[in-house]
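There are 2 protein chains.
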Amino acid sequence: MTQTAHLTVEGMSCEGCAKRLREALEGVDGVSAVAVVLDGGQVTIAYDPTVTTVAGLREAVEETGFDAVP
Amino acid sequence: MTQTAHLTVEGMSCEGCAKRLREALEGVDGVSAVAVVLDGGQVTIAYDPTVTTVAGLREAVEETGFDAVP
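Quick mapping for you: the protein sequence lines, in order, are chains Z and B. Just so we're aligned, residue 1 is where the first sequence starts under the working numbering, counting upward by one. Just so we're aligned, residue 71 is where the second sequence starts under the working numbering, counting upward by one.
In case anyone wonders, no lab produced these hints; they're calculated from the structure. Quick reminder that beta carbons are idealized off the backbone N, C-alpha and C, glycines included.
Taking beta-carbon pairs under 8 Å as the criterion, some of the chain Z residues facing chain B (in silico): (1) Gly11; (2) Met12; (3) Ser13; (4) Cys14; (5) Gly16; (6) Cys17; (7) Arg20; (8) Glu23; (9) Ala24; (10) Glu63; (11) Thr64; (12) Gly65.
Far from chain B, by Cβ distances over 12 Å, these chain Z residues were calculated: (13) Met1; (14) Thr2; (15) Thr4; (16) Ala5; (17) Leu7; (18) Gly30; (19) Gly40; (20) Asp48; (21) Pro49; (22) Thr50; (23) Thr53; (24) Gly56; (25) Ala68; (26) Val69.
Input sequences plus hints: build the corresponding full structure.
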């Protein structure tokens with residue numbers, strides 16, 4: 001089963017930022033797909049809710065130094 | 071006692087990248103000062119070697135998604 005989470009992430013200002021965030025989220029167990037729109041900081045994540053949670057996804061965002069807006 | 075480490079970090083492409091890397095290193099216990107030069111990826115870190123190590127500094131770099139070149 002796959003669910004989709006939408007996060008707004010602050011702090012991305014170049015394609016390198018977006019790439020690093022995407023790779024960090026792709027590295028989370030249970031995540032199957034990540035789309036990052038640099039402009040506006042919109043991040044869409046497909047994940048298996050039996051493996052990870054939105055809280056876990058937010059944690060991965062914060063670990064890279066970006067802020068996941070509530 | 072303070073020692074100084076020089077690392078070369080790949081993957082920074084904007085001032086936001088440099089800021090996030092600097093903040094990550096400043097958050098490491100034992101680190102007293104960090105200077106990041108975006109162009110060329112030169113990072114200079116003042117740290118207390120009784121609290122952290124160059125390996126610990128490299129780990130903090132990698133956690134942000136950047137690469138610390140050997």
